[in-house]
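A.B. asks: What follows is each chain in one-letter form.
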Amino acid sequence: MNVFGWLDDQLLRMRWLSELVRQLVEQGMGLPVSGPIGGSVHFFIYDTVKIFILLAVLIFAISYVQSHFPPERTRRILGRFTGVRGNVLAALLGTVTPFCSCSSIPLFIGFTSAGLPICVTFSFLISSPLVDLASVILLASIFNWPIAIAYVTVGVVLAVIGGTLISRAGMERHIEPFVFNSPVIQLDESEPRIRERLLFARDQVIDIVRRVWLYILIGVGIGAAIHNWIPGSLINGMLGQDKPWSVPLATLIGVPMYADIFGTLPIAEALVARGVGLGTALAFMMSVTALSLPSIIMLKRVIRVPLLAVFVGIVASGIMLIGFLFNAFAGAFV
Amino acid sequence: MIIKVLGSGCRKCIELADNTRKALDARGQQADIVKVTDFADIAAHGVMSTPALVIDGKLVSVGKVLTVQDVADLLDKVD
Chain A
914 MNVFGWLDDQ LLRMRWLSEL VRQLVEQGMG LPVSGPIGGS VHFFIYDTVK IFILLAVLIF
974 AISYVQSHFP PERTRRILGR FTGVRGNVLA ALLGTVTPFC SCSSIPLFIG FTSAGLPICV
1034 TFSFLISSPL VDLASVILLA SIFNWPIAIA YVTVGVVLAV IGGTLISRAG MERHIEPFVF
1094 NSPVIQLDES EPRIRERLLF ARDQVIDIVR RVWLYILIGV GIGAAIHNWI PGSLINGMLG
1154 QDKPWSVPLA TLIGVPMYAD IFGTLPIAEA LVARGVGLGT ALAFMMSVTA LSLPSIIMLK
1214 RVIRVPLLAV FVGIVASGIM LIGFLFNAFA GAFV
Chain B
2 MIIKVLGSGC RKCIELADNT RKALDARGQQ ADIVKVTDFA DIAAHGVMST PALVIDGKLV
62 SVGKVLTVQD VADLLDKVD
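In the order they appear, the protein sequences are chains A and B.
Going by the working numbering, the first residue of the first sequence is number 914, and it counts up by one from there.
Going by the working numbering, the first residue of the second sequence is number 2, and it counts up by one from there.
Some hints here could point you the wrong way.
List time: in silico SDA-like cross-link candidates among lysine to any residue, alpha-carbon distance up to 20 Å [unchecked claim]:
1) K78(B) with L1100(A)
2) K65(B) with R1115(A)
3) K65(B) with R1124(A)
4) K1213(A) with G10(B)
5) K1213(A) with T38(B)
6) K65(B) with V1009(A)
7) K65(B) with Q1117(A)
8) K59(B) with Q1099(A)
9) K59(B) with L1100(A)
10) K65(B) with V1118(A)
11) K59(B) with V1097(A)
12) K65(B) with S980(A)
13) K65(B) with R986(A)
14) K65(B) with R1110(A)
15) K65(B) with R1108(A)
16) K65(B) with D1116(A)
17) K65(B) with A974(A)
18) K65(B) with E1104(A)
19) K65(B) with L1100(A)
20) K65(B) with I1107(A)
21) K65(B) with H981(A)
22) K65(B) with R1123(A)
23) K59(B) with Q31(B)
24) K65(B) with I34(B)
25) K36(B) with M1211(A)
26) K65(B) with Y977(A)
27) K65(B) with Q1099(A)
28) K65(B) with L1111(A)
The hints are simulated quantities; they were obtained by calculation from the structure and are not laboratory data.
The following block holds chain B by itself, in its conformation from the complex:
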């Protein structure tokens, strides 16, 4: 699984990446977390508010710092 965190590198993006990592660890799940900071790459996902989360190419959240629980719920849906 590839999870992308989109955002130009502000504190919120780091927080979202951390929470994603924690959610994965809690579930004992393996995944690559990629931080996307370039505006062109972010725009390529059609995102206007960051941070955003993309799981396996699917945009699942925009403009929010998801909690560990939120990310876990999203991962449930993907499974």
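With the rest of the complex left out, here is chain A:
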């Protein structure tokens, strides 16, 4: 018997939960899950519980890891590397650091003012919203590991290329001067004890659950609607695999929206279940989480319009590239 396959099924995909909810819906409520109402109820309960369990476990684990990388330390580590290695490291660090651009912008300022090269700080700024550990494990849970790993790889490559391009184009003159002139302070870093790290991780879980629970319910609700109510012909007519515009359209729909990765996953999951290309669903997911009106408005206070346009352009075209790649090679993954 394949032990890893079993662990994957039960721990990450939570087959046991799906089965439990199926019995609850069929025997408790008398609704067959093959019908539209029973199916929606099953999807809604199963997905909500699954995402909340994953969210709690993941944020706890990631926050514990994060407590080893406070910003000052991250900055020192980054300062030791030059060239492409610095870029790759910045992109990777972007994956373990905070979840929204309201916290990644102060980091960007702190890194830049300390004299880290623009190519490195932009690699960080691009990868930070694009790839995070939580989305990797969620992708593995809902789809599979090769997809999750491919997603990180493409995201990191994109961040490295994007950072390098922006720096080569000499665009640092479009960064607001205060970013370079901010003071660099060295805080006294007392190494936290294990108990403090655990408390920090617990507080992060509570904070993030309070912030995103509504997005999750809305996301699962939309997912349930896509799953059972919206006609397949309509979905496939707009976003079907044979439609060349499906990836750009999914990206365009996603950009102005702002939601957490946890809210968008059930939508992506339902879209794929209804026959939409994996790349199209990923493009939608990434554009919702990585680019949004609020984060663009925040960025505008730090970088001027030409650079902002290049930044948005790089991230948006990267997302579409990922979409096309995954659609073209989906057969290799699913």
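Place chain B on chain A using the hints.
C.D. replies: Below, chain B alone, put in the same frame as chain A:
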């Protein structure tokens, strides 16, 4: 006394400002609480993780939502 709460306006910053207000009230102390939300102003304090607390120009805490007790302890130190 002037106390600044630095942060781009997320829930954590509001919580920290509330706890600061409560700590001041409990001590019967007067102070102006100023919310600093602009990135340029936040960066001018050299802060990389918000919310942060500045008492009379001195940075006393970063990246934490202090409890009422924490703020009270910090105010003790200032006195």
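A.B. asks: Would the pair K65(B) and D1116(A) pass a check requiring their Cα atoms to be no farther apart than 20 Å?
C.D. replies: holds (10 Å)
A.B. asks: Within a Cα-Cα threshold of 20 Å, do K65(B) and Q1117(A) meet the stated pairing?
C.D. replies: holds (11 Å)
A.B. asks: If you draw a straight line from the CA of K65(B) to the CA of Y977(A), is it 20 Å or shorter?
C.D. replies: Roughly 15 Å separates the two Cα atoms, so the pair holds.
A.B. asks: Does I34(B) lie within 20 Å of K65(B) when you go C-alpha to C-alpha?
C.D. replies: holds (17 Å)
A.B. asks: Please verify whether K65(B) and E1104(A) have alpha carbons no more than 20 Å apart.
C.D. replies: The hint holds at about 15 Å.
A.B. asks: CA of K59(B) to CA of Q1099(A), is that 20 Å or under?
C.D. replies: holds (14 Å)
A.B. asks: Checking one constraint from the list: CA of K65(B) to CA of L1111(A), max 20 Å. Satisfied?
C.D. replies: holds (14 Å)
A.B. asks: For the pair supplied as a hint, K65(B) and R986(A), is the alpha-carbon distance within the 20 Å limit?
C.D. replies: It holds: about 17 Å lies between the C-alpha atoms, which stays within 20 Å.
A.B. asks: Just to be careful, I want the Cα atoms of K78(B) and L1100(A) compared with a cutoff of 20 Å; is the pair within it?
C.D. replies: holds (18 Å)
A.B. asks: CA of K59(B) to CA of V1097(A), is that 20 Å or under?
C.D. replies: At roughly 15 Å apart (the allowed maximum being 20 Å), V1097(A) and K59(B) satisfy the hint.
A.B. asks: If you draw a straight line from the CA of K65(B) to the CA of Q1099(A), is it 20 Å or shorter?
C.D. replies: holds (17 Å)
A.B. asks: Hinted pair, alpha-carbon criterion (20 Å max): K1213(A), T38(B). Please report holds or violated.
C.D. replies: holds (14 Å)
Every hint, counting from the list given before, is met by this structure.
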